[in-house]
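These protein sequences, in sequence, are chains H and R.
This note's numbering numbers the first residue of the first sequence as 1 and each following residue consecutively.
This note's numbering numbers the first residue of the second sequence as 1 and each following residue consecutively.
Please note: incorrect hints may appear among the correct ones.
What the hints assert, rightly or not - If you want the ones that stay clear, here's a sample from chain H, every Cβ over 10 Å from chain R, calculated:
#, residue
1, Leu69
2, Ala147
3, Lys158
4, Ile189
5, Lys195
6, Pro248
As the list claims (entries may be wrong) - Straight line, CA to CA, 30 Å or less: simulated DSSO-like cross-link-like pairs of lysine-lysine:
#, chain 1, residue 1, chain 2, residue 2
7, H, Lys143, H, Lys218
8, H, Lys225, H, Lys42
9, R, Lys139, H, Lys317
10, H, Lys218, H, Lys240
11, H, Lys362, H, Lys73
12, H, Lys218, R, Lys380
13, H, Lys143, H, Lys42
14, H, Lys218, H, Lys195
15, H, Lys362, H, Lys158
16, H, Lys115, H, Lys291
17, H, Lys195, H, Lys33
18, R, Lys139, H, Lys195
19, R, Lys139, H, Lys143
20, R, Lys134, H, Lys225
21, H, Lys115, H, Lys33
22, H, Lys218, H, Lys306
23, R, Lys292, H, Lys218
24, R, Lys292, H, Lys158
25, H, Lys158, H, Lys225
26, H, Lys143, R, Lys134
27, H, Lys240, H, Lys143
28, H, Lys73, H, Lys317
29, H, Lys158, H, Lys195
30, H, Lys150, H, Lys73
31, R, Lys425, R, Lys285
32, R, Lys134, H, Lys42
33, R, Lys134, H, Lys195
34, R, Lys292, R, Lys380
35, R, Lys554, R, Lys425
36, H, Lys317, H, Lys218
37, H, Lys225, H, Lys317
38, H, Lys195, H, Lys143
39, R, Lys139, H, Lys225
By construction, these hints were calculated from the structure, which means they are not laboratory data.
Here a beta-carbon is modelled for each residue, glycine too, at the ideal position from N, C-alpha and C.
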Amino acid sequence: MMKLTKRAVLGLMAATMLSPAIASADDFSLEGKTVTWVVGFKEGGGTDRLTRLLQSKLSEHLPGNPDVLVLNKPGGGSVTAANDFQANAPADGTTLIMASTSTFLPVLLGASVAKYNPNDWEAVAGFARGATMFGIADQIGAKGDGADAKTDYEGMQKASIRFGLETPISAEMLDLVAMNLLGIDARVIFGLSSKDAEAAFQRGEMNMNTDNTRSYLKDFGDDAKVVPVWTYGVIDESGKLLRDPDLPDVPTFPEFFEAATGTAPGGLGYELQQNLMNAKVMISKAVMLPKGTPENIQQVYIDALKAVVADPEVAEKLPREIGSMPVNYGEATQRAIELGTAMDPAVRDWANEFLQTNYDAKLN
Amino acid sequence: MLDAAVSALAQLTSPETFLALVAGVVIGLVVGVLPGLGGTAGLALLLPFVFGMEPNTALAMMIGLTAVTTTSDTFPSVLMGIPGTSGSQATVLDGFPMSKRGEGTRALSAAFISSMFGGIFGAFILSFAVFFAKPIILKIGFGEQFMLVVLALSMVGILTGSNIWKGLAACCMGLMLGALGAAPLSGVQRATLSTDYLLDPLPLVIVGLAMFATPEIIDLLRRQSTISETGKLGSGWFLGFRDWLSNWWLSLRCAVIGCIIGALPGLGGSVVDWIAYGHALQTTKNRENYGKGDVRGVIAPESANNAKEGGALVPTILLGIPGSGSMAILLGGLVLIGVEPGTELITDQMDLVYLIIWSIAAANIVGAGICFMLSPQIAKLTTIRYALLAPFMFGIIFFAAFQATRSWGDLVALFILSALGVYMKRFGWSRPALLIGFVLSVRVETSVYQTVALYGISFLERPIVIALLVLTLLSVTAAVFFKQAPAGPLTKDGPFTNERTGPQWIFLALLAGAAFFILQDGLGFNQLTGLFPMVASISTLVFIVPLAISMLLKKNPSPLFFDAERGTDDNRPSAEFFLLLLAGMLAIAALVGFVLGIAIFIFLFLLIRAQVVWWKSALGAAGFILFLGILSDQLTLRYPTGLLQTWISLPWPLQ
Chain H
1 MMKLTKRAVL GLMAATMLSP AIASADDFSL EGKTVTWVVG FKEGGGTDRL
51 TRLLQSKLSE HLPGNPDVLV LNKPGGGSVT AANDFQANAP ADGTTLIMAS
101 TSTFLPVLLG ASVAKYNPND WEAVAGFARG ATMFGIADQI GAKGDGADAK
151 TDYEGMQKAS IRFGLETPIS AEMLDLVAMN LLGIDARVIF GLSSKDAEAA
201 FQRGEMNMNT DNTRSYLKDF GDDAKVVPVW TYGVIDESGK LLRDPDLPDV
251 PTFPEFFEAA TGTAPGGLGY ELQQNLMNAK VMISKAVMLP KGTPENIQQV
301 YIDALKAVVA DPEVAEKLPR EIGSMPVNYG EATQRAIELG TAMDPAVRDW
351 ANEFLQTNYD AKLN
Chain R
1 MLDAAVSALA QLTSPETFLA LVAGVVIGLV VGVLPGLGGT AGLALLLPFV
51 FGMEPNTALA MMIGLTAVTT TSDTFPSVLM GIPGTSGSQA TVLDGFPMSK
101 RGEGTRALSA AFISSMFGGI FGAFILSFAV FFAKPIILKI GFGEQFMLVV
151 LALSMVGILT GSNIWKGLAA CCMGLMLGAL GAAPLSGVQR ATLSTDYLLD
201 PLPLVIVGLA MFATPEIIDL LRRQSTISET GKLGSGWFLG FRDWLSNWWL
251 SLRCAVIGCI IGALPGLGGS VVDWIAYGHA LQTTKNRENY GKGDVRGVIA
301 PESANNAKEG GALVPTILLG IPGSGSMAIL LGGLVLIGVE PGTELITDQM
351 DLVYLIIWSI AAANIVGAGI CFMLSPQIAK LTTIRYALLA PFMFGIIFFA
401 AFQATRSWGD LVALFILSAL GVYMKRFGWS RPALLIGFVL SVRVETSVYQ
451 TVALYGISFL ERPIVIALLV LTLLSVTAAV FFKQAPAGPL TKDGPFTNER
501 TGPQWIFLAL LAGAAFFILQ DGLGFNQLTG LFPMVASIST LVFIVPLAIS
551 MLLKKNPSPL FFDAERGTDD NRPSAEFFLL LLAGMLAIAA LVGFVLGIAI
601 FIFLFLLIRA QVVWWKSALG AAGFILFLGI LSDQLTLRYP TGLLQTWISL
651 PWPLQ
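Excised from the complex, chain R in its bound form (with noise of 0.2 Å):
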């Protein structure tokens, strides 16, 4: 075993198979820079290469690229606002803040050291994981699948905000989000509003994007000229790591966090980074700042996505199995190069399983010096007048959403989202507790009819069941304990006052409406297909009448009320205005294709909006169609066209 594992390291210190890590790190960060591209995007990517290469070389290359897509993640959630991937979502929460306090290199640097030793951390668990992890794996059944999920769908409690009606509700829109498209136990299409796109359930980087990147975005645009509020950087280099130092009980547990969820069947990846900010949230004392830039907010989720990697591999190398969807692609890239994970390989095949563990380490080793490297430029963006940044932004959010399933009910998807995003986050409801319901939804649906079915309430007595029963008594319990102190003063001028609360009410009768016509689709299927949305539109309902009631009754100002629109100058534009004109973008889209709609959004909201030249202006937006055009050619992406297109065949890369 220690031969496997020195032969293995000179292997990887070959400077062919090292040169190869380091190409595939740094593919990695770039696909884990750009939002909605990710592990999958990459690996895609080196796929057609692979074919012509030695195996060794192949997998150093492969496993470089994805173990560091959540290392550079973290620069769009941290400087912008955005997720660069769905497991850097619980980043943004305190990562921007941070930024927008001016700590934006603090918060960045904590975060590459969060990812670097949860990294090499998952790396030192794999090691010893493949020979004793098998029985294990094999143990948690769906029963224990079944409570994972529950186990994690109780984070929402201490997520909810101000108001935990609000709270639960958001969860259940969640849920209710989920619940469109396939029915994943019958494949009946239920609530597709008869359209091709709802096919599928929605894609989760969409909702994510629409709850996180689109309302902070016009946010921005509407408050202030820089992200940085102080439009200084701050020397944080030091601080960040200081600040891990300090916290390295927390990232270790969030380590373990993410090691065992990615390595465990039940949840799949993209929860880790919230289960691990709950945790931070439940277990750590002094929390009024959580959500306002608290650094231990960043340090948490970063330290667990990394770790994810090395725990999903477990499963992926003894089983064949994969643990998440980048696993899942890896499996097909090392069945091409000739390498079939199961346990003749750890029999076999010893060298190459160490391989795979040095690449971790080595990967993330690389990775997040070379992010230290060109954070302090990349930084800078924070003190660039936001309106020069904000249209690209929009071009690169709708990018990402078109990755989802490469179709225009992407970008509408995007927008519709985005609209629920913006008043959410306008009337105070919790998104991540919808996004923890969102991505939970399908195994809430499926893992609580399979226990059921196969066990009945016998499931209850299997020795892991409850030891997860006890964490969730206990994750609830922190819940009812954490009281969150309402963001400002309870006056009448405030965001919570008892005065013109007719938006909230018509947000809260849309709901409503959403949440009835999801109970009467789900009321004419089986209980196969109709079941779920039912439970979870009636539970939304339920969720909304004690808040309904109680903000009949309440005549003071209270945490109940929230909207951001009270007690700001009304000088600004509007947050519809901007719907407007993302409204606007996709209109000219339709008509001119993708690529030529985003470059002309582009160049007017320079010209307009920003009072930029106009041929600079006309170069910004030359420079993004080059950019699409770029990736087009790398990833072989077909953009949405529009009339102009099926008139006359444009060249690339206009198509």
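For reference, chain H alone in the conformation it holds in the complex (with noise of 0.2 Å):
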């Protein structure tokens, strides 16, 4: 009962300071009904988490009150759940997603399992957040730290590079397509997962790896012999790169590569590098709403996620899941998305043949 009527009180709250959004969403009432989040993942992952933190104050600022449940549904990463989303969630504003770069990732690059395609679902808020590639300082010749990408350069095509990962097409495809770009030559170690790249990261066995910004401060931050080489930035409301904020001395990726070769980077092989770009960085994770939900129901949902995230209890602890990069909603969202799940049949072909070349793989 207490905790009925707090919650009640909390809503009349919220319903107050959104008033005017509320109004304008034709008395649209969620009251009785269960919001089920779907999360393509299992209980305790990172999308997992960023979930359930949102979902414990969701409820509050939805019109009606709703029980939002989080439904694991985990496999094929994540595409399993976007299959059966695409395929059946009902557009009444009752079920949504928590899409992530594994569920952008297949589309882009055309994987024939993904059987969705997030274009088509509406965008209610994009969570970006930072990537970082970093190494042992001495063992990859560069001090990384921005202090001197052109020392750092010539130093990291003369050492010996280790860097693992999991598999030549996924997330990671972006350090690979960087450093190819760089023609930093490193050796590559598959079948590490993220965790596994980490431990040998810390063994000694792989002395570049890269990391969401945020774990890499966790993890490295105050470890004078781990150095940041370059970030991957973030892209603003006007298109611009700029550097990660939780990174402001390290240069972007970009600002590297000029640095070093003294050109810009360009070609189709830049072009690829900004696609991945924006599926890892600027997608990271993103809440949809199935295809067709009417307009109402969207600015519903997008009003009640800034409040979610406006949150004091939320954002106190949201830096911990996601950095500090800006929350994106609704058409900024939508804009990420198209840039991080299309791709230029040039470009395709160009990955094909730098996949090809280097790890006899290619899309399918």
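Once you've looked at the hints, go ahead and assemble the two chains, each given alone in its own frame, into the complex.
What follows is the structure, encoded as structure tokens:
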């Protein structure tokens, strides 16, 4: 009883704060309904944690204060859940999905297992999460931290770089392409999940690694031997690439490239790099409604998510999950998804050539 | 450091924290008992509550839960022959025969004491390991991990059953099963049989249930009226304790093994029980009763699987890298409550680390205590007419399988693999060997490649690799000198007969066919994707060729042959009959959904097969619906739907 009253009061408060938005939402209410929030991964992973963090406050900010459940549906790195979402989710505001890079990447790369198109879905909110490449300074021949990119680059070309990742066709393809564009010849070891790769890096068997900025700072922020070489930055509203707010001194990849080689990066390979960067960084996580969800319901969810993100309890914990990049909503998220899921045919050819030559792999 | 330990103990003994711990323990025991649910499901259950809690309280609750799932999972393993979690698969081998002999209480008692001892030992080791283990863990590189996998694989040697070729081929079958689905090194889909289900590898829980649970349930249904052959329980509490006491040295060794394997990267927790079991077989005397109800076969895995959790916490706390599946989600929980594992935790928040350690120890004591109190009642299940239990057992194992990926594919996979398990049991193929091969398959595939790609052959020069190599050689030697006597006389009218071997040849032919299919599929891929399935399938073929040749040449009864159907009375219903019943259950479920399908199956089974009056049968079915309904509510589950649900939407709990 206590809980209900408290919830009702909070809901009322939220409703008062958001009254203009709710009025425009045609009195849409979820009262007495259950909202199912699909997560395509097991409990406890990053996507699940972020979802549960937001779930804890979502009900309060939705009209009618429905129950909000997180439904974990693991399989195929979220592909199974996404296929099901595309085919079966009702477009009435009772089902939403927490998509992630793993959901968008198969679409970008044209994998036949992905029988869905996130561009059909309605974006509510997108969570960007910065990523960085870092290494063991004395092994990779670089001082990092943006001090002197040219010297770092020369050092890295001479060093024997070892880099571990799961599979060639994955979010880490971004790092492979980046190193390839720079002409850095790394020894690449497959079959390592991000946790395995991190363990191998801690052991020194690998000497370069990639991770989201937040994890990098937590694990190696105080470790003088481990240095960030470049970040992938963040794209602002106007489409401009900015430095990662959590690592403001470290150059973005194009900045590093230009400082190292004297020319700005370009060509099909760089286009691929940008596609992959969008998928990996800009839409690291995205809250989405099914295809054909009415606009008023979209707006209700956009407003609710804005309120959830602004909630002090959530705001306090959010940086732990995604770092301090700004959250984007609605149209802006949809745009990022568009960029992160579509590849020009010429770029695709380049990608296939790149995968074939280096890793005997190709997109299907 | 002592200050921290004392202040942590004071925190734990505050009523609020201790109650939270006990609540965690209770939930942990419940999810441990239910097959298919384990620490992962339990922590998922807690996560919604953890948000509003004070960190210490939340921590005690989460640790309480993870620490005891491997205590209560012994109930189904020992009493029903159904592995409660993947950590107690090996316990089934000897624990269940003990129950059948009417010694269920004795086995449980020995198991709980071993679990408690292992758990406390794990906590004890953890309290030191947080200070010195980091450099050791960091020494375990690809080469060392590879050798750990080889050492674990060598345990197959002693678990091959009465024919070495069959045992080795069974292990390779496990490797082949592990080769289905996405390749770990390239992500390419191989041998998916064009199903979405095989995008991922087969789930371990399903393979485990199919190998042990289904064949045992069917066997019992055909054979006897109650699980306990005597129909009695036997008083065994004290006996179980004495068993543990006289085997304390074995228990200690296995606890050490559990800790080490939990802490080191490379193997993961799922294989701990098999290594401990294999170790017991290799190092103890009078081994002829293993597999037939030797209490040491219970003590070894149970000591190890609780100790594993303490071990697995070492890398979780020190490096922020989880040592097992439940640790992965515990790590998620820790981050949620604002505890960030890593070296700073040791330097800045020592009292929190001690709170974890004390919580493990306390949870193991409370958990084992509760299990002790409950077991006399629960063990009575073994004296109930089995036809009354069996339909619920089927319901539970299909529910358990469904937890793997929560899709229809889980149910189908369980059914198909169950058929494999039933025939492996019938024809004397080692199911433990298959399971070990399966559990290790991904590690075999990745660690061989990673080691060779990074070090070439030079990894053999590393000292720990050499030490592990010596251990492996010892393990293989033990296997070579271990002669398992065939169970029963070699006669023309017994299972070892050389007559009417047609079914065995059909099984062999199907196995060869499967191997050729995997081989053919593997040939279509590049080395990174195709090499492992090729090696696994070719090895299978290599091992069945000598078997087939000697079967052709042998003209009298021999351990080469085995068909459990020979030499038994033929009046009882066949295993195929029960497999068909299960297929029927899935067919009904396809029409009316999982919940109603199972309920109808239970109702009909009780009514017709167990000859229970209709209203009691209906009550049983309704009870199971309620059980599923409560679980779906608590765990946020959506059961597979059938045709019916596409037309009308049914209320809870019938969806």
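Are all C-beta atoms of chain R more than 10 Å from that of leucine 69 of chain H? violated (5 Å)
For this session: Determine whether the non-interface label on isoleucine 189 of chain H survives the test: each CB of chain R must be over 10 Å from its CB.
Result: violated (5 Å)
Under the criterion that the straight-line Cα-Cα distance not exceed 30 Å, is the pair lysine 115 of chain H, lysine 291 of chain H satisfied?
Since the Cα atoms of lysine 115 of chain H and lysine 291 of chain H sit roughly 14 Å apart, the hinted pair holds (cutoff 30 Å).
> Between lysine 195 of chain H and lysine 33 of chain H, is the straight-line Cα distance small enough, at 30 Å or below?
Replying inline: At roughly 39 Å apart (the allowed maximum being 30 Å), lysine 33 of chain H and lysine 195 of chain H break the hint.
Practice task
Below or equal to 30 Å on CA atoms is what counts here, so check lysine 362 of chain H against lysine 73 of chain H.
Solution key: Status holds; Cα separation ~28 Å.
Checklist entry - Do the alpha carbons of lysine 292 of chain R and lysine 158 of chain H lie within 30 Å of each other, as the hint requires? => result violated (63 Å)
query = When you check the alpha-carbon spacing of lysine 134 of chain R and lysine 42 of chain H, does it fall within 30 Å?
reply = holds (28 Å)
Item checked: Pair hint lysine 134 of chain R and lysine 225 of chain H, alpha-carbon separation not exceeding 30 Å -> holds (17 Å)
Report task. Given the hint that lysine 150 of chain H pairs with lysine 73 of chain H, test it: the Cα-Cα distance must not exceed 30 Å. Result -> Roughly 46 Å separates the two Cα atoms, so the pair is violated.
>> Can you confirm whether the C-alpha distance between lysine 139 of chain R and lysine 225 of chain H stays at or below 30 Å?
In response: holds (18 Å)
Query raised in the report: Are the Cα positions of lysine 139 of chain R and lysine 143 of chain H separated by 30 Å at most?
Result: holds (26 Å)
CA of lysine 425 of chain R to CA of lysine 285 of chain R, is that 30 Å or under? holds (26 Å)
Checked against the numbered hints listed earlier, the structure breaks hints 1, 4, 5, 8, 9, 12, 13, 17, 23, 24, 30; every other hint is satisfied.
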